[in-house]
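Novice: So the sequence lines, in the order shown, correspond to chains A and B. Throughout the first sequence, residue numbering follows this note's numbering, covering 1 to 213 in sequence. Throughout the second sequence, residue numbering follows this note's numbering, covering 1 to 213 in sequence.
Wrong hints could be hidden among the right ones.
If chains are identical, the list can't say which one is meant, so a pair holds when it fits in one copy or spans any two.
For lysine-lysine, the following DSS-like pairs were computed, each having C-alpha atoms within a straight-line distance of at most 30 Å [stated by the list, open to error]:
(1) Lys136 to Lys45
(2) Lys18 to Lys45
(3) Lys88 to Lys136
(4) Lys88 to Lys45
(5) Lys45 to Lys95
In case anyone wonders, no lab produced these hints; they're calculated from the structure.
There are 2 protein chains.
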Amino acid sequence: MRALVLLVCLSVGCLAQKPQPCSSPALMSGSLSVSAQNDRLALAKYTYDEVGQRISLRELGTFGNKTFFHLDILLLYQEGIMYRINRKAGTCVQKHLSEGFHPLAVPKDATLVGQYVLGSSSVPGEGVLVNTWAGKLQMRKGTAEYMTTVTEFGCLPVSTMFCKNNERWVVVSFFDNVAGMADPQDFIPPPFCNDDRLEEEEEENLTAFISLF
Amino acid sequence: MRALVLLVCLSVGCLAQKPQPCSSPALMSGSLSVSAQNDRLALAKYTYDEVGQRISLRELGTFGNKTFFHLDILLLYQEGIMYRINRKAGTCVQKHLSEGFHPLAVPKDATLVGQYVLGSSSVPGEGVLVNTWAGKLQMRKGTAEYMTTVTEFGCLPVSTMFCKNNERWVVVSFFDNVAGMADPQDFIPPPFCNDDRLEEEEEENLTAFISLF
Numbered sequence: 001m002r003a004l005v006l007l008v009c010l011s012v013g014c015l016a017q018k019p020q021p022c023s024s025p026a027l028m029s030g031s032l033s034v035s036a037q038n039d040r041l042a043l044a045k046y047t048y049d050e051v052g053q054r055i056s057l058r059e060l061g062t063f064g065n066k067t068f069f070h071l072d073i074l075l076l077y078q079e080g081i082m083y084r085i086n087r088k089a090g091t092c093v094q095k096h097l098s099e100g101f102h103p104l105a106v107p108k109d110a111t112l113v114g115q116y117v118l119g120s121s122s123v124p125g126e127g128v129l130v131n132t133w134a135g136k137l138q139m140r141k142g143t144a145e146y147m148t149t150v151t152e153f154g155c156l157p158v159s160t161m162f163c164k165n166n167e168r169w170v171v172v173s174f175f176d177n178v179a180g181m182a183d184p185q186d187f188i189p190p191p192f193c194n195d196d197r198l199e200e201e202e203e204e205n206l207t208a209f210i211s212l213f
Numbered sequence: 001m002r003a004l005v006l007l008v009c010l011s012v013g014c015l016a017q018k019p020q021p022c023s024s025p026a027l028m029s030g031s032l033s034v035s036a037q038n039d040r041l042a043l044a045k046y047t048y049d050e051v052g053q054r055i056s057l058r059e060l061g062t063f064g065n066k067t068f069f070h071l072d073i074l075l076l077y078q079e080g081i082m083y084r085i086n087r088k089a090g091t092c093v094q095k096h097l098s099e100g101f102h103p104l105a106v107p108k109d110a111t112l113v114g115q116y117v118l119g120s121s122s123v124p125g126e127g128v129l130v131n132t133w134a135g136k137l138q139m140r141k142g143t144a145e146y147m148t149t150v151t152e153f154g155c156l157p158v159s160t161m162f163c164k165n166n167e168r169w170v171v172v173s174f175f176d177n178v179a180g181m182a183d184p185q186d187f188i189p190p191p192f193c194n195d196d197r198l199e200e201e202e203e204e205n206l207t208a209f210i211s212l213f
């Protein structure tokens, strides 16, 4: 009997060593960059709230010519509304969100590409252990191939490559992630956002970008 | 006087906090991937020896269709010879190396883009601190823009983006780096490499690839 228990424990232990699809922390703040073939590198700060189903993208800009659009995007999925905010100009456009909230996680049917060390494992503090997963996602319009890398410990997003309907690849890199909501204020629309300016149509590019989350 | 010494120490301490261009370990082993616009992801194992001025690239392959070329490339800069080895077929081609050996380092005139955390700094072991540098390199034919990311501690290479003469960007990602030479045998040409098969011309693509180091 004891041998059986030991065998079961060992089996579970061995299984636990194999990377498993995982969910990222429910509350996160950080920065991200988006690069697509032939396009400039776009940067933004983000705050992510899985519990409240909210995503905030702030200070959107491009790296190459250091243009910053002073543009913030606030996505409130429970209300089904997206705010496009220009704080410098004091303008705010609201649109309906057609896609539902997707928690930041490696899909359960993802295939493990491999486990890697970024940096080095030779000295502590010089590297981080990551898992790379690949798969296909069914989207509202067509399918999308993805390859996503998350940390082994904590399931923090590192990068996601994404290709919709065999078109060009888009790469999103996450950095400076911290657990928690750095500023709860990020999710509150500014006073100059009026509810009466709700526009119906949705931007295709922005929807695709958001679906990367 | 004591106050002056303290002031000097504090100043030096503060300066030391600012990331500086750095040199990677003189002996390293690991893996790397190379991706260019519209091209498949290429993978290889590498061993790097700054002291002996030698680079070995092994098991070159592509990720998409899991084709592996059984191709090894051995670069012996002190001898000025490159070996292109197919171990499966038992063939070996030797060529002259026109470019000299470049130690793996962030150039001294590089501009700091920023310091970032890959993964998260919230919990130890969930992230790694990196510095991103950018600049221009004078090459044998024209110039090349680069953006390179190395770890703050250890100066281990993480990724290098490289664009020669405003053509397409090539991205090299390094992973599973360890300090030291995993197998000294990597630098010894196999017995079927005969010195009499020395070819004069050099491949343009391969030279560009090697210059990423």
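Novice: All hints are to be evaluated individually against the structure, with a verdict given for each.
Specialist: Hint-by-hint comparison with the structure:
no., hint, result
1, Lys136 to Lys45, "both (27 Å within a copy, 28 Å between copies)"
2, Lys18 to Lys45, "between (33 Å within a copy, 23 Å between copies)"
3, Lys88 to Lys136, "neither (39 Å within a copy, 34 Å between copies)"
4, Lys88 to Lys45, "within (17 Å within a copy, 49 Å between copies)"
5, Lys45 to Lys95, "within (21 Å within a copy, 49 Å between copies)"
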